[in-house]
Amino acid sequence: MARAALMDFDEALERFDPVIGLEVHVELNTTTKMFSSAPNPANSAFHGAEPNTLITPVCLGLPGSLPVVNGTAVRYSISLGLALGCEIAPSSRFARKNYFYPDLAKNYQISQYDEPIAFDGSVEVELENGRTFTVPIERAHMEEDAGKLTHVGGSTGRIQGAEYSLVDYNRAGVPLVEIVTRPIEGAGADAPALARAYVSTIRDIVLSLGISEARMERGNLRCDANVSLRPRGEQKYGTRTETKNVNSMRSIERAVRYEIQRQAAILAGGGTITQETRHWHEDTGTTSAGRPKSDADDYRYFPEPDLLPVEPTAELIDELRAALPEPPAARRRRLKGEWGFTDLEFQDVVNGGLLVEVAETVAAGASPAAARKWWTGELTRVANARETDAASLASPAQVAELAALVDEGVLTDRLARQVLEGVAAGEGSPREIVEARGLAVVSDDGALIAAIDDALASQPDVLAKIRDGKVQAAGAVIGAVMKAMQGKADAARVRELVLERAQG
Amino acid sequence: MSDLIRLSAAELGAKLASGEVSSVEATRAHLDRIAAVDGAVHAFLHVNEAALDAASDIDRRRAAGEELGPLAGVPIAIKDVLVTTGMPSTSGSRILEGWIPPYDATPVRKVREAGMVPLGKTNMDEFAMGSSTEHSAYGPTHNPWDLDRIPGGSGGGSAAAVAAFEAPIALGSDTGGSIRQPAHVTGTVGVKPTYGGVSRYGSIALASSLDQVGPVSRTVLDSALLHDVIAGHDPLDSTSISDPWPSMAEAVRRADVSGLRIGVVKELDTDGFQAGVRSRFHEALELLERNGAEIVEVSTPNFEYAVAAYYLIMPAEASSNLAKFDSVRFGLRVTPEGGGTVEQVMAATREAGFGPEVKRRVILGTYALSAGYYDAYYGSAQKVRTLVQRDFDAAFANVDVLATPTAPTTAFRLGEKLDDPLAMYLNDVATIPANLAGVPGISLPAGLAPEDGLPVGIQFLAPAREDARLYNVGGALEALLVDRWGGPLLNQAPDLSTHELKATEEGVV
Numbered sequence: 000m001a002r003a004a005l006m007d008f009d010e011a012l013e014r015f016d017p018v019i020g021l022e023v024h025v026e027l028n029t030t031t032k033m034f035s036s037a038p039n040p041a042n043s044a045f046h047g048a049e050p051n052t053l054i055t056p057v058c059l060g061l062p063g064s065l066p067v068v069n070g071t072a073v074r075y076s077i078s079l080g081l082a083l084g085c086e087i088a089p090s091s092r093f094a095r096k097n098y099f100y101p102d103l104a105k106n107y108q109i110s111q112y113d114e115p116i117a118f119d120g121s122v123e124v125e126l127e128n129g130r131t132f133t134v135p136i137e138r139a140h141m142e143e144d145a146g147k148l149t150h151v152g153g154s155t156g157r158i159q160g161a162e163y164s165l166v167d168y169n170r171a172g173v174p175l176v177e178i179v180t181r182p183i184e185g186a187g188a189d190a191p192a193l194a195r196a197y198v199s200t201i202r203d204i205v206l207s208l209g210i211s212e213a214r215m216e217r218g219n220l221r222c223d224a225n226v227s228l229r230p231r232g233e234q235k236y237g238t239r240t241e242t243k244n245v246n247s248m249r250s251i252e253r254a255v256r257y258e259i260q261r262q263a264a265i266l267a268g269g270g271t272i273t274q275e276t277r278h279w280h281e282d283t284g285t286t287s288a289g290r291p292k293s294d295a296d297d298y299r300y301f302p303e304p305d306l307l308p309v310e311p312t313a314e315l316i317d318e319l320r321a322a323l324p325e326p327p328a329a330r331r332r333r334l335k336g337e338w339g340f341t342d343l344e345f346q347d348v349v350n351g352g353l354l355v356e357v358a359e360t361v362a363a364g365a366s367p368a369a370a371r372k373w374w375t376g377e378l379t380r381v382a383n384a385r386e387t388d389a390a391s392l393a394s395p396a397q398v399a400e401l402a403a404l405v406d407e408g409v410l411t412d413r414l415a416r417q418v419l420e421g422v423a424a425g426e427g428s429p430r431e432i433v434e435a436r437g438l439a440v441v442s443d444d445g446a447l448i449a450a451i452d453d454a455l456a457s458q459p460d461v462l463a464k465i466r467d468g469k470v471q472a473a474g475a476v477i478g479a480v481m482k483a484m485q486g487k488a489d490a491a492r493v494r495e496l497v498l499e500r501a502q503g
Numbered sequence: 000m001s002d003l004i005r006l007s008a009a010e011l012g013a014k015l016a017s018g019e020v021s022s023v024e025a026t027r028a029h030l031d032r033i034a035a036v037d038g039a040v041h042a043f044l045h046v047n048e049a050a051l052d053a054a055s056d057i058d059r060r061r062a063a064g065e066e067l068g069p070l071a072g073v074p075i076a077i078k079d080v081l082v083t084t085g086m087p088s089t090s091g092s093r094i095l096e097g098w099i100p101p102y103d104a105t106p107v108r109k110v111r112e113a114g115m116v117p118l119g120k121t122n123m124d125e126f127a128m129g130s131s132t133e134h135s136a137y138g139p140t141h142n143p144w145d146l147d148r149i150p151g152g153s154g155g156g157s158a159a160a161v162a163a164f165e166a167p168i169a170l171g172s173d174t175g176g177s178i179r180q181p182a183h184v185t186g187t188v189g190v191k192p193t194y195g196g197v198s199r200y201g202s203i204a205l206a207s208s209l210d211q212v213g214p215v216s217r218t219v220l221d222s223a224l225l226h227d228v229i230a231g232h233d234p235l236d237s238t239s240i241s242d243p244w245p246s247m248a249e250a251v252r253r254a255d256v257s258g259l260r261i262g263v264v265k266e267l268d269t270d271g272f273q274a275g276v277r278s279r280f281h282e283a284l285e286l287l288e289r290n291g292a293e294i295v296e297v298s299t300p301n302f303e304y305a306v307a308a309y310y311l312i313m314p315a316e317a318s319s320n321l322a323k324f325d326s327v328r329f330g331l332r333v334t335p336e337g338g339g340t341v342e343q344v345m346a347a348t349r350e351a352g353f354g355p356e357v358k359r360r361v362i363l364g365t366y367a368l369s370a371g372y373y374d375a376y377y378g379s380a381q382k383v384r385t386l387v388q389r390d391f392d393a394a395f396a397n398v399d400v401l402a403t404p405t406a407p408t409t410a411f412r413l414g415e416k417l418d419d420p421l422a423m424y425l426n427d428v429a430t431i432p433a434n435l436a437g438v439p440g441i442s443l444p445a446g447l448a449p450e451d452g453l454p455v456g457i458q459f460l461a462p463a464r465e466d467a468r469l470y471n472v473g474g475a476l477e478a479l480l481v482d483r484w485g486g487p488l489l490n491q492a493p494d495l496s497t498h499e500l501k502a503t504e505e506g507v508v
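These protein sequence lines are chains Z and V, in that order.
First residue of the first sequence: 0, per numbering that gives the first Met the number 0; consecutive thereafter.
First residue of the second sequence: 0, per numbering that gives the first Met the number 0; consecutive thereafter.
None of these hints come from the bench; they were simulated from the model.
None of the values given here were measured: they were computed from a predicted structure.
Any given hint might turn out to be false.
What the hints assert, rightly or not - Each computed BS3-like pair below joins lysine-lysine, with the alpha-carbon atoms no more than 27 Å apart:
hint : chain 1 : residue 1 : chain 2 : residue 2
1    : Z       : Lys482    : Z       : Lys464
2    : V       : Lys358    : V       : Lys382
3    : Z       : Lys96     : Z       : Lys243
4    : Z       : Lys96     : V       : Lys382
5    : Z       : Lys147    : Z       : Lys243
6    : Z       : Lys96     : V       : Lys358
Extracted from the complex, chain Z is given alone in its bound form (with noise of 0.2 Å):
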């Protein structure tokens, strides 16, 4: 792949504003899917099940099969379009969106086109710079997610090239709401941030409603970005791509940024943009291009004749406002209050998208200074290291449990520090951890008198410094010992120990 001509990125920002349109799709994590009784594997009750297990004749479009709409999903939706601060349609229809593809059984897509279930709301963003942005959604609607396919014999994994394909249909009917923004204008050399600090919001307010699991690395959040940009001082928008499979955090910032730095160079060699889907590259860091992209495609959406409209009361819409919870910016300061945590140290925890991880945690049994440091310090660098997000790495209950081992006095920081990395390959909880890797400190002071001993009596010229008064010499006897523990001890405790010892 040839590797596209970037422009300087301040450079770009000053000769071209970028408009940004975010789509993210959120997977509800309902016990059955959004039109069949079949089990939701975006509920983690199901996860990782089988392919081709979680399935009825409505996910597979089989001849005759009707979908029927599940009311959960709907309750979920309305209780996400209050959140998003949108008005709720009284009525509002699905649609069948018609096109060809394999993942998508009934050849059509059940989604809402012109009569979404909420539209017209915003969503106040804060970015790491302390900018607070107010992003306009334009509607948020309901619709099913297409099943998942394998392409097996290319070296691409995409299906040009491939031998054959493989379909897997558990996700298929998999409940969805897609928020649409409204183009946003004015955020400059913010854009990228702003894009980061827009998906973390929404994730915060989907999870603080329980009605998805949002883990990117899953599926269950995924974003689609648009970018275009115009020359300063132009009212008209550029034309724009939107860049798909953008499946963390940081990739969206990353992402943004290299859209911008791509269109700038083609715009400032006199080039024009096409309009287009493009995919985004995680190992690389850049975006290819997908397929062309018009604003003629025709899906040939027509009112879905298998469906009633959904008329949600006046009086469910009303409970469901009464039951949600705090906007995201009142909680964030509410929940800096409580932690009683420096300006710096929570804006670190906003800024990784770590706040649900970091409140859940401390809900599981954690102080706010503990579950901090694990999250914002251990898991942010190996989630760095593996370009991922550190929420896809462990769950609050296993760093509330991390955090009370060592609060036991079971794991010294280092060892927690391992077992963490446990916890990250998926080999259990951190108690199975300890048990499985034998990392517990070693808190049987006859095994470190041995330990002690054999290192006083290897260094004898310490020992004599030690009954000199030198307390200090101690070090280079304790280093020895915490070797020879293979770090399984507190050096607090070894201390003690070697004075008493030396004294002896």
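For this one, chain Z is given, so just place chain V on it according to the hints.
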């Protein structure tokens, strides 16, 4: 021929209940009849090998003292549009040849739960697209009154099976007249229930907003009994009505037309209709009038546009409903020589698997839904649909039921209209408005046209949810006519045993 096959479903049910006849005997008699005449009629695409087992199961349950419904043990033919476990379900198409579904359509499940014995699957125009059953991928069905003529369509197989005494009763489906028009040309009874009255779950969709499953029989009471079995809310079909239904069989038994206001639709009583069709229609109305009904003329000015609107809405929905036939999950798969991309395989499969009428309608519907044409075609057709509904509302403000001839002509000859789709489409002029408006309709025999000696039907239409009115007026008229004829109209049908030697090789698939 065995007397058992001449019994109505209600009569057979009574004999089964009294123990005079076993279900195995009744089922065997119909299987024998199928073996004897279906080579000539070709009403069946598949005969159920498990029919006798199902019959003996019911006999056992009855012997054990189980309380069974009025149709328990009665054999039934099932239109191939309905999916069935244990029997192929093709909807008359090559693209589903041999496909055995993993589930039963809801009406089929209810029929089985009522103890009825499925005899097999009946022939139909491919995906219910047609008025003659000539568009079946498996060869046409022949009208038992004249084997050179069409049995109507799309449900020609179910109507012919009942008219030829191969089955006492059958299930059909009606999108624009596919139950009522075959009833009209075969001297049988057919009912399209109110839209939402019977679950569509498991009915291979032609046009979702128009399709409705209903009964096919030789008597009005039989249709009512079957209607009572299959009607009712189904949580698997969002468009099915949740309110309970009154007994249709009771409506037949209490049939009384005194004081009933019957509206004759002016726009469907013109010279566009064959003389014998009109004369039998008016004789039937006079008979009802003499028995206390009041006949008034009503006007439904927008019915004129109903056929045009129908032939946009139906193909539009069909083009989408038929998209799933792509070879990926079920049915035929055709791979181009030397292999091909998934797109090429899909195209080759649909090219080979769909017949010309299906392709015509898919192309028409795709066009009608296309951006830039949607408003002019699909959008306008939906507006006409609303106008037709208003015509019905206005008419039913003044009358209890409407009456029309069921179709413009008696059975035409096989092949006669095959090359003239527009002429074929116009067959449905009197039946289509009911589907557009979702109201129920019945067709029952009104006699034979003097000019050709072929059956003629009369159609009654009622407001949505008032299906019982159809059974009331239908039951009353049937009693008066049978009295006049000195027996059921089908007694005048030719004896098919004389045709046995003409049995073709088409046979049973």
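Do the hints match the structure? See the list:
1. Note on Lys482/Z and Lys464/Z: the hinted pairing holds, with a Cα-Cα distance of about 21 Å set against a maximum of 27 Å.
2. For the hint pairing Lys358/V with Lys382/V, the CA-to-CA distance comes to about 26 Å; that is within 27 Å, so the pair holds.
3. For a cut-off of 27 Å, the pair hint linking Lys96/Z to Lys243/Z stands: about 19 Å separates their Cα positions.
4. A hinted pair counts as satisfied when its Cα atoms are at most 27 Å apart, and Lys96/Z with Lys382/V qualifies at roughly 22 Å.
5. Simply put, Lys147/Z and Lys243/Z have alpha-carbon atoms about 15 Å apart, close enough for the 27 Å limit, and the pair holds.
6. For the given pair, Lys96/Z sits about 20 Å from Lys358/V by alpha-carbon distance, which is consistent with the 27 Å threshold.
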